Amino acid sequence: GAGVSQSPSNKVTEKGKDVELRCDPISGHTALYWYRQSLGQGLEFLIYFQGNSAPDKSGLPSDRFSAERTGGSVSTLTIQRTQQEDSAVYLCASSGLAGGETQYFGPGTRLLVL
Amino acid sequence: SQQGEEDPQALSIQEGENATMNCSYKTSINNLQWYRQNSGRGLVHLILIRSNEREKHSGRLRVTLDTSKKSSSLLITASRAADTASYFCATPRGGNNRLAFGKGNQVVVIP
Chain P
1 GAGVSQSPSN KVTEKGKDVE LRCDPISGHT ALYWYRQSLG QGLEFLIYFQ GNSAPDKSGL
61 PSDRFSAERT GGSVSTLTIQ RTQQEDSAVY LCASSGLAGG ETQYFGPGTR LLVL
Chain Z
1001 SQQGEEDPQA LSIQEGENAT MNCSYKTSIN NLQWYRQNSG RGLVHLILIR SNEREKHSGR
1061 LRVTLDTSKK SSSLLITASR AADTASYFCA TPRGGNNRLA FGKGNQVVVI P
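Chains P and Z, in that order, give the protein sequences. This note's numbering applies: residue 1 is where the first sequence begins, and numbers increase by one. This note's numbering applies: residue 1001 is where the second sequence begins, and numbers increase by one.
These aren't lab readings, by the way, just hints derived from the structure by calculation. This one's a predicted model, so the numbers in the text were calculated from it and none came from an experiment. Think of the CB as a built atom: it goes at the ideal place given N, C-alpha and C, for glycine as much as any other residue. A portion of the hints provided could be inaccurate.
Claimed, not checked - For each label pair, taking beta carbons as the anchor points, the in silico distance ranges come out as: (1) P:Gly3 - Z:Arg1060: 19 to 27 Å; (2) Z:Ile1110 - P:Gly72: 42 to 50 Å; (3) Z:Ser1039 - P:Val12: 29 to 37 Å; (4) Z:Gly1016 - P:Gly16: 23 to 31 Å; (5) Z:Asn1052 - P:Asp18: 46 to 54 Å; (6) Z:Lys1026 - P:Thr76: 27 to 35 Å; (7) P:Gly16 - Z:Ala1081: 25 to 33 Å; (8) Z:Asn1052 - P:Ser58: 26 to 34 Å; (9) P:Ser53 - Z:Ser1039: 45 to 53 Å.
Claimed, not checked - Some, not all, of what chain Z presents toward chain P, calculated at C-beta under 8 Å: (10) Gly1042; (11) Ser1071; (12) Ser1073.
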């Protein structure tokens, strides 16, 4: 079956613009995670969705970051008023069980803020 | 080795040689996982070892876990050029099992 997909693959934007990043998890997976990978910070957790429960937003770095998951499937990560330090690879992962152990990652979106 | 505060490690080996990399962690864990990343994009899950296991094998991969030292090692035997990648250890944290990653080990296998 299809794996986790993300779009766009690459995004170049100007400082101050808003961006939306999309994640399609593996069908049937109830848990969805967003991570960010940057040169200075390594891989960081951002946000977690599990079914219809309230998301765990504890990893979001600022209130410019938000995410939603519609219908328990597709998720969108939105960054408002982008800053240069937001430049990173944004990775989405899903897992099959509630808090499942193995996470399956998408190819990521490489974001560059000029 | 990799852990939260250390710089990523780099390893360059000839094809056919074994590659060993290490990881340390700080908190108690239920399991430890190793992932591979090619070209800075998506991560691929390689192997999971539980806290009550000391060693686990999967194909050419061998993972050890020493909970008393809070460390793990990943051995890739008979390396191939296709093994060139970055390798990360990760431990699940919190009730949502979000992964906390090490800084990574960059492995280059020379054909």
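Check: What hints, given by number in increasing order, does this structure fail?
Finding: 3, 4, 7, 9, 11 and 12
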